[in-house]
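Novice: Here is how the chains run, residue by residue.
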Amino acid sequence: MSTMFAQSSLARRNLRPDSYGDRSLTLVGTTREPGKVALNVDALSKRYGDIDAVSGVSFDVRHGEILGLLGLNGAGKTTLISMLATERIPSSGDALLLGHSIRAERRAVRRMIGVAPQDLALYPMLTAAENLRFFGRIYDIHGAELASRVAQLLDFVGLQDRGNDRVATYSGGMKRRLNLAVALVHRPKLILLDEPTAGVDPQSREDILNLVRRLRDEGNAILYTTHYMEEAEGLCDRLCFLNQGKVVAVGTQDALLRNLEFSEVIELKGLSPRVDLAPIRALGGICHVERHDGLVRLFVRRAADLLGPLQRIMNRDKSVRLGIAPISLENLFLHLTGEEAREGYEGSPESLRSG
Amino acid sequence: MKTLAVMLKDLRLIGRDHFGLIALVVVPIVVIMVIASATQSGGGSKSIVFPVVNEDQGPVATALIQAFRKHLDVREVSRTTAHQLVADSNAAPAALVLPPELSKRYLAQKPSTVELLTDPAQWQELQAIKVVMLLADRETASLGDPLGQELLTVREQSITGDALSFSSLEQNIPGFSLMFVLLTLIFSVTLALREEEVWNTSTRLSIAPLAPASLLGGKLLARLIVGTAQLLLLLLFGHLVYGLRLGHSSVAIIAVATAAVASMTGFAAVVAAFVRTREQAIPVGLAVSFVLASLGGLFWPLYSLPRTVQTIAQGLMTTWSMSAIQDVMLRGRTLTGVSTEVLVLVSYALISFLIALRLFRYNGEARA
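For the protein sequence lines, the chains are A and B, in the order given. Under our numbering, the very last position in the first sequence is 355; numbers go up by exactly one each time. Under our numbering, the very last position in the second sequence is 368; numbers go up by exactly one each time.
It should be emphasised that the hints constitute simulated quantities derived from the structure, not laboratory data. Treat each hint with caution, since some may be false.
As the list claims (entries may be wrong) - Here are the computed distance ranges between Cβ atoms for each label pair:
1. Y242/B <-> F134/A: 38 to 44 angstroms
2. S101/A <-> I225/B: 36 to 42 angstroms
3. N90/B <-> S101/A: 56 to 62 angstroms
4. A5/B <-> A168/A: 27 to 33 angstroms
5. R12/B <-> S171/A: 29 to 35 angstroms
6. R47/A <-> L343/B: 47 to 53 angstroms
7. F360/B <-> A151/A: 33 to 39 angstroms
8. D201/A <-> V30/B: 25 to 31 angstroms
9. K9/B <-> G284/A: 55 to 61 angstroms
10. N90/B <-> F134/A: 42 to 48 angstroms
Claimed, not checked - Just so you have them, the derived chain A footprint on chain B, three or more residues with Cβ under 8 angstroms:
11. 172-180
12. 190-201
Unchecked claim - Away from chain B, derived, C-beta distances all over 12 angstroms, residues of chain A:
13. A108
14. P124
15. V275
16. F299
Backbone N, C-alpha and C define an ideal beta-carbon position, used for all residues, glycine too.
Bound conformation, chain A alone (with noise of 0.2 angstroms):
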């Protein structure tokens, strides 16, 4: 699968600039090219035991844009993430932030980034401006511009009526924005956002979203790793699919499906598990073939030539409904990875309209 970039239209479709209303604090504190490599990843490797849980991983995260990390549990996200945030050295392989090495230089890597763990990292004991305060004064940010820095973010975040209120009573979404706003305290070169909208509310993930495409729009560089199919598709420039540690593809979610050699998917629902296949296979045209209990999916170039033939199968046994969509996110996900919905994968499977 061939590397692409481009500012996708698809990522753009959702943004709602004036939702920012007058949060207009400049977050980047360098320079930055959009479309610049910032983070080049080569060949990133890491072996437990017997287990390579990364392996060979390859990519790029520009500047001014969202890469998309997709991969169910135990695809290697986690690990990867950690792997780049200089928590956990590699078995082999690199990256390069800006030039330094993560292997190398972790001292200058770990002034570069910022991490949004994927578990809230706040201390609920204190306020959301002690939280940051604190992070804060950890990368050397001290005085009249941590205090402005500080006001900075809790205004980006929303928070700025609650900066003094401990953390352990903001509702979840508060403390999800906020886990956010310590990961940028100290201006990050690159923003590593880990499932950022984990378990919160649509308001609240909405929120989040929108601050990530803020973020974005600033000329920063994000990785953002995420399970929801429809957040990846309305949130990210570009997608690197994960799947068992190693990078099956990556590119921007149109140029992945155009590459495809089918652009439909036909999925017959309720259809008896004994039923032999082999004359649906047979009709031609059928790029692909998914079989799960009672769901049959049909993945083809042009589900119109094909209405005809399943009606006839369909009047043989009426339980059989039938839906047809475009491929979307969560096919090419699934095709990809070769997988069925199974723990950790988060996508809708109601996503085909009904036939």
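Model the placement of chain B on the given structure of chain A, informed by the hints.
Specialist: Then chain B, alone, in the frame of chain A:
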């Protein structure tokens, strides 16, 4: 059924913490053994050093010394050595000076005065010596007129401070204060390091440009400040409510309290490096505190412990802490007078910190 399910789940969780499970049984056994040996198998008064300055060299002095030897570790020494053993090294709670011509006067039924140079800070050992002296006096009385009046008068003189005697409170208040500070520190340091993992802030800290020494050092310094304040407040409470003497030098008491708490904080960090769960922290913390308190003379005087244990106790920070506090509070020493103890305690703190730094790490592999 649900209660049963909860119980089974918790039993499973407890069972998987193997170290905690072992600690649950082994640790109390160790504590019981230590305390049992301290209270039953001690050297008793025979381990109390009792310097005697024999300026008489007559039969009465010899008889007295022989009588003392049955109960005490008598050492015939010069007046200078006796003073050094009592006042400088605090190796003996008291020294007896038998004056010239004591025997001659005694046998002539003339009264004499013997000097007892004391360190009242070792009040329990001193009490034991006084009891032995009474016994010895009765035994030597057979040399003279058994029905005669008191021929020997003891003139007691403290050579380590103003007071001639102290109450048990002056042992117990500093002792229990130190024990509670140690207990608090072990729990506080252990749980504080684990809480960073519970809150997941250890993830942020382990990838921040923060040296492990700064992280551990910062956490321990906070506990050092709180622990020192706790100890000083407890001593102040003892002073205000029970009239506990605090000595003459506030600088010395603050320095000693800080050094003692520093040594305990460092030790707590070493314990924390081994303890991985709350289930382990509780029995281990309690056991370590009780063992160090009992061996370090916080509950009872060291002479009641077996000699080997007394030797081991010389290597414990609790022993040095108690000794330094008694030097300042009971013997009225200044900072210069306790500089050795302070130095030992600070060294203990630094060495413990370096060991803890070597042992402790959060889940991440990479260090700054």
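Novice: Does each hint fit the structure? Answer for all of them.
Specialist: Tested hints:
At about 41 angstroms, the CB distance of Y242/B to F134/A agrees with the hint of 38 to 44 angstroms. For S101/A and I225/B, the hinted distance range of 36 to 42 angstroms is satisfied, since their beta carbons lie about 40 angstroms from each other. The beta-carbon spacing between N90/B and S101/A, approximately 60 angstroms, falls within the hinted interval of 56 to 62 angstroms. Checked against the hint of 27 to 33 angstroms, the pair A5/B and A168/A passes, with Cβ atoms roughly 29 angstroms apart.
One distance hint, 29 to 35 angstroms for the beta-carbon pair R12/B and S171/A, holds here, with the actual separation near 33 angstroms. The hint said 47 to 53 angstroms for the Cβ distance between R47/A and L343/B, and at roughly 49 angstroms that hint holds. Roughly 35 angstroms separates the CB atoms of F360/B and A151/A, a value that falls within the hinted 33 to 39 angstroms. For D201/A paired with V30/B, a C-beta distance near 52 angstroms fails the hint of 25 to 31 angstroms.
The hint said 55 to 61 angstroms for the Cβ distance between K9/B and G284/A, and at roughly 56 angstroms that hint holds. Checked against the hint of 42 to 48 angstroms, the C-beta distance between N90/B and F134/A comes to roughly 46 angstroms, which is consistent with it. Against chain A, the segment 172-180 of chain B contributes 0 residues with a C-beta closer than 8 angstroms to a partner C-beta. That does not satisfy the three-residue criterion, and the hint is violated. Under a criterion of three residues with beta carbons nearer than 8 angstroms to beta carbons of chain A, the stated coverage of the segment 190-201 of chain B is upheld, 3 such residues being counted.
Separation of A108/A from chain B is inadequate, the least Cβ-Cβ distance of about 9 angstroms not exceeding the 12 angstroms criterion. A Cβ of chain B approaches the Cβ of P124/A within 12 angstroms, the least distance being about 7 angstroms, so the stated non-interface status is violated. Here V275/A stays apart from chain B, with its beta-carbon at least about 42 angstroms from theirs, past the 12 angstroms limit. Remark: the non-interface label on F299/A is consistent with the geometry, its nearest Cβ contact in chain B lying 40 angstroms away (cut-off 12 angstroms).
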